[in-house]
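Engineer: Here are the chains, one letter per residue:
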Amino acid sequence: MSANESAPPVVAGSTNEPVVVFEDVSIGFGAEPVLEGISFRVERGETRILLGPAGVGKSVLLKLVNGLLRPDSGRIFVFGKEISAMRESELFELRGSIGTVFQEGALFDSLNVRDNVGYRLMEEHLPEDEVTRRATEALRFVEMEHTLYKFPSELSGGMRRRVAIARAIVSDPKLILYDSPTGGLDPITSTTIIELVMKQRDVQHTSSLVVTHRLQDAFTLATHRFSREKNGMEPLPPHTADANTSFLMLHNRRLVFDGSTAELVHSDDPLIRAYLA
Amino acid sequence: MQVGGYSGGISGQGSEVRDQRSGPACRTRRGKGGAPACATLKLRSGSGGYGIQSAVSLMALETIDTAAKRGVLAVQEYTALSVRAVSNIFRQPFYAGDLFQQADIIGVGSLPIVILTGFFLGCVLALQTASSLEQFGATAFTGQLVSMSMIKEIGPVVTALMVSGRNASGMASELGSMIVTEQIDAMRALGTDPLKKLVMPRIVATVLMLFFLVILSDTVGILGGGFVAVAMLGQSGSQYFHTAYQSLEYMDLLQGLIKPVFFGLIIATIGCYFGMKTKGGTQGVGRSTTQAVVWASVLIIVTDFVISRFMIGIFGR
Ligand SMILES: Nc1ncnc2c1ncn2[C@@H]1O[C@H](COP(=O)(O)OP(=O)(O)OP(=O)(O)O)[C@@H](O)[C@H]1O
Ligand SMILES: [Mg+2]
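Protein chains in written order, with my numbering: chain A, 843 to 1119; chain B, 16 to 332.
Read the hints as simulated data drawn from the structure, not as lab findings.
Wrong hints could be hidden among the right ones.
As the list claims (entries may be wrong) - Here are the computed lysine-lysine pairs in the DSSO-like style, where the Cα-Cα straight-line distance is at most 27 angstroms:
hint : chain 1 : residue 1 : chain 2 : residue 2
1    : A       : Lys992    : A       : Lys923
2    : B       : Lys84     : A       : Lys992
3    : A       : Lys1016   : B       : Lys84
4    : B       : Lys212    : B       : Lys84
5    : A       : Lys1072   : A       : Lys1041
6    : A       : Lys923    : B       : Lys84
7    : A       : Lys1016   : A       : Lys1041
8    : A       : Lys923    : A       : Lys1072
9    : B       : Lys294    : B       : Lys84
Every value quoted in this text rests on a predicted model; they were computed, and no experiment measured them.
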């Protein structure tokens, strides 16, 4: 939590600026504060796993990142632009390079899978067959290409989640926000989805923020890498962790941990110990 | 362009910013008013009714106060939403596809009920006016009275009420469901302005379609009146249609054609507003739907009075 005094990124568009910067951000609903004094960064190509108990404000934090909510105080920079000072109309363009997977999927229930996944491309008025091609490609990535013309109501929860991931990645975003992509799913489906997140991280090198309740998923992400030869994940050598994956932990409105996998496991903060136990 | 600090697609941070603003005010009020009042209740419960009375009056004041604030806030929000959505007509991208789809749902979908109600209203108007006019031996004016009331009042108001029952509710429930399932947030996250994609086409389609539906309703109503006059009252058809046509003046037509424009605006903006500010799950969607129809209907009738008063004041008809 050192971003507090560090200067905001100056040059917009420079290659090594952080993708997301939070500076002392607070937000509340009514008189009730939800998040207070949150500061952290997501560097380019980094995957940050956001942990915390239910109702602590993880979803709220993600919605702050793409400007769906606005902070009461503090500043938020995404791709070097201060989004907390931008108007809604300016945000729409910026959101074009952010992919969001909502906690409940939030698929458009009156559109079929192809139109859901290709929504952003259709908004850009790409030709129909181009939309179909790219939607199919994104769906193949999540192994769902056989459901192109089904409606969300005809899919299972895990399938919906995977379609939501396809919708988020279809336009090759530079940043992906995953809100509990494995929430409420069985361990096998969860692993499949974590594998997808990993694939996106290791194949496309996209920066991301991943919210999860399941510690197991978090550690799988940190200790495995995606192997293209195997087309699946494989464990890293023992006692090593992915260098681009690190942790954030929220507790009681505040950010109580910001550091690497090793730091998390060896932390002797009682709060973190209790959470990891 | 942000009207009155309104910034979001009302769903997300727009309404939440409001909540934050009103929240502390309500809460402190509750703290100051509510808690001590309860204390007096306890302290004085043995000695008399004074504590209870002051508690009740405090609570009443508080309720009126917060209700008034909420009302003002709602009007402000509603205006902001309407202005922003309408100003989007001239801004890219223009969602022509969505506009046609809405025009189809609102216009073509309302045809049967508009024709049916228009026809039978014309019929009943002819019956009633003829029986009143009979007392003065003036049944010859049936056509004039039917066409005047159809075009100036009944056509626009009843058609608008019908369309409001069909479409204000439809819009509120559709947008409301999208809010509670986070689909509106998803749309914003995908870079689309819901005010452009969802609200603007509904407003334009309703205004356009209601205009033509009212003309249709007027026509069918006058025909229905003619049918009753000729077939049931034994009047001369040529006399009916002659008086119906001849008595009309420009100002009557103008009044009859201005009203649907306002009514269309009311139906769509109220429907979308209540849809977009839906809170609290399925029940919230139901509440929004009901409120949308109630408010749209009330506003249509009030606006009808205002426009009539205005037109009569200026043009004398
Ligand atoms: N739109 C809103 N209006 C009012 N309060 C809200 C709103 N959104 C979130 N909150 C409150 O903010 C707090 C954090 O909510 P959030 O959804 O971020 O939790 P979370 O960490 O994502 O929980 P979970 O792990 O269960 O998904 C909760 O107390 C919730 O009641
Ligand atoms: Mg959540």
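Engineer: Each hint: holds or not?
Structural biologist: How the hints compare with the structure:
1. A/Lys992 <-> A/Lys923: Given pair lysine 992 of chain A, lysine 923 of chain A is violated - Cα atoms ~38 angstroms apart, limit 27 angstroms.
2. B/Lys84 <-> A/Lys992: 46 angstroms, violated
3. A/Lys1016 <-> B/Lys84: 43 angstroms, violated
4. B/Lys212 <-> B/Lys84: 31 angstroms, violated
5. A/Lys1072 <-> A/Lys1041: 12 angstroms, holds
6. A/Lys923 <-> B/Lys84: 36 angstroms, violated
7. A/Lys1016 <-> A/Lys1041: Judged against 27 angstroms, a Cα distance of about 14 angstroms means the pair holds.
8. A/Lys923 <-> A/Lys1072: The given pair, whose Cα atoms are some 39 angstroms apart, is violated under the 27 angstroms limit.
9. B/Lys294 <-> B/Lys84: 18 angstroms, holds
Hint check: violations occur at hints 1, 2, 3, 4, 6 and 8; the rest are consistent with the structure.
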